[in-house]
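Using the hints, position chain D against chain Y.
These protein sequence lines map, in sequence, to chains Y and D. The numbering of the first sequence is the working numbering, which starts it at 1 and goes up by one. The numbering of the second sequence is the working numbering, which starts it at 452 and goes up by one.
Hint data in this document are derived by calculation from the structure and do not stem from the laboratory. It is possible that part of the hints are untrue.
[What the hints assert, rightly or not] Taking lysine to aspartate or glutamate pairs in the EDC-like style, the calculated list, with each CA pair at most 20 Å apart, reads:
#1 LYS532/D with GLU183/Y
#2 LYS739/D with GLU183/Y
#3 LYS355/Y with GLU365/Y
#4 LYS397/Y with ASP206/Y
#5 LYS808/D with GLU573/D
#6 LYS534/D with GLU183/Y
#7 LYS405/Y with GLU964/D
#8 LYS394/Y with GLU767/D
#9 LYS534/D with GLU408/Y
#10 LYS739/D with GLU184/Y
#11 LYS534/D with ASP190/Y
#12 LYS1006/D with GLU409/Y
#13 LYS532/D with ASP190/Y
#14 LYS640/D with GLU872/D
#15 LYS1022/D with GLU767/D
#16 LYS709/D with GLU767/D
#17 LYS200/Y with ASP190/Y
#18 LYS410/Y with GLU998/D
#19 LYS243/Y with ASP275/Y
#20 LYS1042/D with GLU1010/D
#21 LYS595/D with ASP578/D
#22 LYS958/D with ASP206/Y
#23 LYS397/Y with GLU1010/D
#24 LYS534/D with GLU184/Y
#25 LYS410/Y with GLU872/D
#26 LYS405/Y with GLU1010/D
#27 LYS961/D with GLU408/Y
#28 LYS1000/D with ASP206/Y
#29 LYS532/D with GLU184/Y
#30 LYS534/D with GLU409/Y
#31 LYS1000/D with GLU409/Y
#32 LYS200/Y with GLU184/Y
#33 LYS97/Y with ASP58/Y
#34 LYS808/D with ASP1044/D
#35 LYS777/D with GLU184/Y
#36 LYS532/D with GLU409/Y
[Said to hold, decoys possible] Derived coverage of chain D by chain Y (criterion: at least 3 residues anywhere in the stretch with Cβ under 8 Å from a Cβ of chain Y; other residues may be distant):
#37 487-493
#38 997-1011
Every residue gets a Cβ at the ideal spot worked out from N, C-alpha and C, and that includes glycine.
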Amino acid sequence: MLDDEDTIIALATPAGVGAISVIRISGPSSISSVDSIFTGKKKLTDASSHSIHYGTIDDDEEIVDDVLVSVFRKPNSYTGENSVEISTHGSPLITQKIIELLIKIDGVRIAEPGEFTKRAFLNNRIDLSQAEAVLDIINARTDASLRGSRNQLDGLLSAKVNELRDILVSTSSFVELELDFAEEDIELIDNSELIKRIDKIVNEIDILLSTYSFGRVLRDGVNVTIVGQPNVGKSSLLNYILKESRAIVSEIPGTTRDIIREEITIDGILFRMYDTAGIRTSDDEIEKEGVIRSRNAVKNSDLILFMGDVNLLFPEDLFNELLGLNKPEHIIKVLNKIDLKKDIGTDADVLISAKTGEGINTLFESMKNRVFQNSDYSEQSAIVSNIRHYNCLKRAKESLMNAEKSAEEKMSGEFISVDLRTAENSLAEIIGVVTTDDILNNIFSKFCIGK
Amino acid sequence: MYDIIVIGGGHAGIEAASASARMGCLIALISMDKHALGRMSCNPAIGGTAKGHLVREIDALGGIMGKIADRTGIQFRMLNKSKGPAVWSPRCQSDRELYSEEAYKVVSSTKNLEFIEESAIELVAEDGKVKGIKTQSGRFIEGKTVILSAGTFLNALMHTGLRSTSGGRFGEKPSTGITESLEKLGFEKGRLKTGTPPRLAKNSIDWDVLEIQPGDENPQPFSYQTNISEFPYLPQLDCHITHTDPDVHKILEKGFNKSPMFTGLINGVGPRYCPSIEDKIVRFSEKKSHQLFLEPEGMDSDLIYLNGFSSSLPAEIQLEAMHKIKGLENVEMVRPGYAVEYDFFPPHQIDNTLETKLIQGLYFAGQVNGTSGYEEAAAQGLMAGINAALKVQGKKEFVLKRSEAYIGVLIDDLVTKSTEEPYRIFTSRAEHRLLLRQDNADRRLMSYSTELGLIDKNMYKEISIREGIITAGLDLCRNTKLHAKVVNEYLELSGSSTIESSETISKLCKRPETQLKDLLKLDGLDNNPNFNSLINNHNALRQVEIELKYEGYMKRQQEAVERLEKYEKLKIPLTLNYLTLKALSTEAKEKLDRVKPRSIGQASRISGVTPSDISILLVYLKK
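Chain Y extracted, bound-state conformation (with noise of 0.2 Å):
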């Protein structure tokens, strides 16, 4: 299923801080979706083509940032479509933000590698010399799902969905068996049974959806932020790990990547390292901002690398700080430079080496253990982090509830199928198609069939 109705957002400008960064939107609920979180002269639906619009982006009542908006009307636009630049100051920390508040959006998503030069060459906004790198992008795409298990997320769902869909096409076969095999003497499934399979999948589905919240952090990335004293070695843990990363682990390829200082995955879960200069308070106007900087990042941070050195330790002061800024179980304390002193005695959570790299793969498993311990879910249990999954859930719960309503309502089989189907398409949306030879493949193998 291709969704080019979706609305799709990413970082057009390179990776970093600049002066200033431009975040892009681009489809059918682009203009509307910006709207919402923002506050300027006059409304965004209400604009022309190519006008800008000075504003806020507000998180209910807290102002993101003050920026620029330009608007893009179809077909003017880069992709074709509906589009929207939101040109914001140059930080990662708030270009995240604001991509974060529109993904909360019903159809907003974060777009994948290629996806706006695609849609501007199916829109004809491109000329054909481009056609080649574009279907290299998605070539890469396609390679990295054959791949297989790359995303240990996407597995463990995948495996749920596939068991769902089973229980489905099997409750589908016995509607359809009752409706094409009428002369069969072959038993039929009773109604209640029929309802009571339903709701089982339905049961099923709702875990699934109330995941999301915790999927989302998953898939969207954790941040992480590293703090300690001056040279106690946080550039080199950073250093170490990205070199590590891009040799074990593999690297989330292409837009998203460009929207934060840097990125890397551990089992399939995002992690958005920040190195941050100090955050206590000082005199210096240079400095000063920095600080404000840092405790800013400190506070969104799903997770704080505290570092101490085998000198150093944990400032007491320090430690009070974070304590102000975040909670607790979100602070791991690591301990470096464990190559130049073994025998030391302290709280520290991990211990490194981030010049031998000893302890970092402790490190790696004691960050996604924190993900997981502050959540209700282990790392078995199938958890969607996906937008599109979510809603095509949602489409499949919604379509069971029709159904189990017609076999509530004693309607025949083929009233309820019309339900079953759509249920069934929107889960082979997750994983794959599911064919009515998929049903009657079921219906062969476990009815004697044929007079």
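Below, chain D without anything else, positioned relative to chain Y:
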């Protein structure tokens, strides 16, 4: 030179010949025996679930199957009557001999149609274009187009026990040479198997102990053109039901070591929905009893067809087992059951017009495409005939969409998915099941047959008038409200809950307990001139009622299908070389190259073609 040569006079062949002749083409119908036209090789019945829909569609398109079935039916039943209208399916038992005679009458009275009683042995083509055929007597017959509808006759082998004889039907010769000449032209062939049960002597059956299955009290004809006042034409007969039991199964099992199926003598793939009795016992060993139907072969026939007992076990085993079945203790077997193996051409090699992709002007229809069933064959024959005629006349092709007809579903399934077992239509194969009803085949298709000249213009006029009544009727029912004091008595009587103030007729009609005709008797509506034409047109009234009652479901089905059919309109040229599209996955390349889909929609239905393959195709097509 003929415009169209039709090879084979079965259900596909006669539809093809008849339709194309009526469209003004000169036709040669090649058949080994002109008295075998439209012969029912297996069970003496037409219709059934989804197949009945096909017959109604064939009839609406101007085909002949429905008319012949009406003339020769000895029991008519509407299946699934306890379900909603979309799955009602007409079925009839036919008089086997009369069916062939009637087919002969219809075909021989058709202008522009010549019989040639011969066997075709070679298909002649040059530079990718069909030229004609060669017959056994050495004759070359020249044709602009050729429709191959040879049924189960190509290199056919019949099996009973370990004995096999060549032939496509009891007492008839196989057709040889055609397969080989097509293989030489580059076609890929496959081998399928089907079977038929024993025929029994009527007077040797103990009828008194058997359960009776009667026909409908008010039988409905298949054809829109059959005059209901003369129908049914023939006296109506009953069918009977009996069952196997473990003792019967035990005897059959004794013959397994002489079964051509289990010993590997048969290589062809059989249909899973129509298994032999031995297959049922092996695959469903937990089932202690299987239902059997005793169907009359005709009004005056002494033969009984034992439906459900298809077998290729040795004849003596078949007989011994039957003697253990209730009512058949003393039965005489006139002819044992047998299996037939035959060549077919996997149907990804044809286009939705049924023309082969390899040779221009060559069409395949019926069992040569891997289908089973008279109705499936007739539907393809009709469409092949129409398309060959259009091609000869230089006109635009005629393809039915999946959303328009079961015929569209059938052909699209064949072309897109090919098939590895004999293909049968089912209602579950149609995404638009609620719309593709047997009661509205005329509404769906008669504008086409009128345009093609296959149906009387007056018929269509009648439909257009009815369409007007339906549209106006829907409007009236949606906008006319009935007051509580007018309608509550009726609602209470029919066991539905009463209303507070007032409600539109359309909303009231949605309740399962109400009937539109009863609602229109209330509040003096039956004297209201606006409602007159609706109330007096039974057929229109029924259509309005169905549309109102199931509106919500039909809408949801429509939406679901539209999501899937977004790419149906984006055509792919047949010349596209998938193997050179390096971005496609290897699997997609192979599958697409094999099927050569006509549209992106069709491509997306091919198993193994992923959404990203479709994206890539979209990009290439933009070039």
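Now for the hints, and whether the structure bears them out:
1. LYS532/D with GLU183/Y: OK: LYS532/D and GLU183/Y at ~12 Å, within 20 Å.
2. LYS739/D with GLU183/Y: 18 Å, holds
3. LYS355/Y with GLU365/Y: 19 Å, holds
4. LYS397/Y with ASP206/Y: Satisfied, since the Cα-Cα distance of roughly 8 Å is no more than 20 Å.
5. LYS808/D with GLU573/D: 19 Å, holds
6. LYS534/D with GLU183/Y: 13 Å, holds
7. LYS405/Y with GLU964/D: Status holds; Cα separation ~17 Å.
8. LYS394/Y with GLU767/D: 60 Å, violated
9. LYS534/D with GLU408/Y: 15 Å, holds
10. LYS739/D with GLU184/Y: At roughly 15 Å apart (the allowed maximum being 20 Å), GLU184/Y and LYS739/D satisfy the hint.
11. LYS534/D with ASP190/Y: 15 Å, holds
12. LYS1006/D with GLU409/Y: With a Cα-Cα distance of about 18 Å, the restraint between LYS1006/D and GLU409/Y holds, given a limit of 20 Å.
13. LYS532/D with ASP190/Y: 18 Å, holds
14. LYS640/D with GLU872/D: Holds, because 13 Å separates the two Cα atoms, which is no more than 20 Å.
15. LYS1022/D with GLU767/D: Roughly 57 Å separates the two Cα atoms, so the pair is violated.
16. LYS709/D with GLU767/D: 11 Å, holds
17. LYS200/Y with ASP190/Y: 16 Å, holds
18. LYS410/Y with GLU998/D: Distance ~19 Å between LYS410/Y and GLU998/D Cα, so the pair holds.
19. LYS243/Y with ASP275/Y: The hint holds at about 15 Å.
20. LYS1042/D with GLU1010/D: 29 Å, violated
21. LYS595/D with ASP578/D: Holds - the C-alpha atoms of ASP578/D and LYS595/D are around 14 Å apart, at most 20 Å.
22. LYS958/D with ASP206/Y: The given pair, whose Cα atoms are some 32 Å apart, is violated under the 20 Å limit.
23. LYS397/Y with GLU1010/D: 16 Å, holds
24. LYS534/D with GLU184/Y: With a Cα-Cα distance of about 15 Å, the restraint between LYS534/D and GLU184/Y holds, given a limit of 20 Å.
25. LYS410/Y with GLU872/D: 35 Å, violated
26. LYS405/Y with GLU1010/D: 19 Å, holds
27. LYS961/D with GLU408/Y: Holds: LYS961/D and GLU408/Y sit about 16 Å apart, inside 20 Å.
28. LYS1000/D with ASP206/Y: Given that 20 Å is the threshold and the Cα spacing comes to 31 Å, the pair is violated.
29. LYS532/D with GLU184/Y: 15 Å, holds
30. LYS534/D with GLU409/Y: Holds - the C-alpha atoms of GLU409/Y and LYS534/D are around 13 Å apart, at most 20 Å.
31. LYS1000/D with GLU409/Y: Judged against 20 Å, a Cα distance of about 13 Å means the pair holds.
32. LYS200/Y with GLU184/Y: 28 Å, violated
33. LYS97/Y with ASP58/Y: Measuring from Cα to Cα gives roughly 10 Å; hence the hint holds.
34. LYS808/D with ASP1044/D: The hint holds at about 12 Å.
35. LYS777/D with GLU184/Y: 19 Å, holds
36. LYS532/D with GLU409/Y: 18 Å, holds
37. 487-493: Result for this restraint: violated, n = 0.
38. 997-1011: holds (count 5)
Of the hints listed earlier, those the structure fails to meet are numbers 8, 15, 20, 22, 25, 28, 32 and 37, in rising order.
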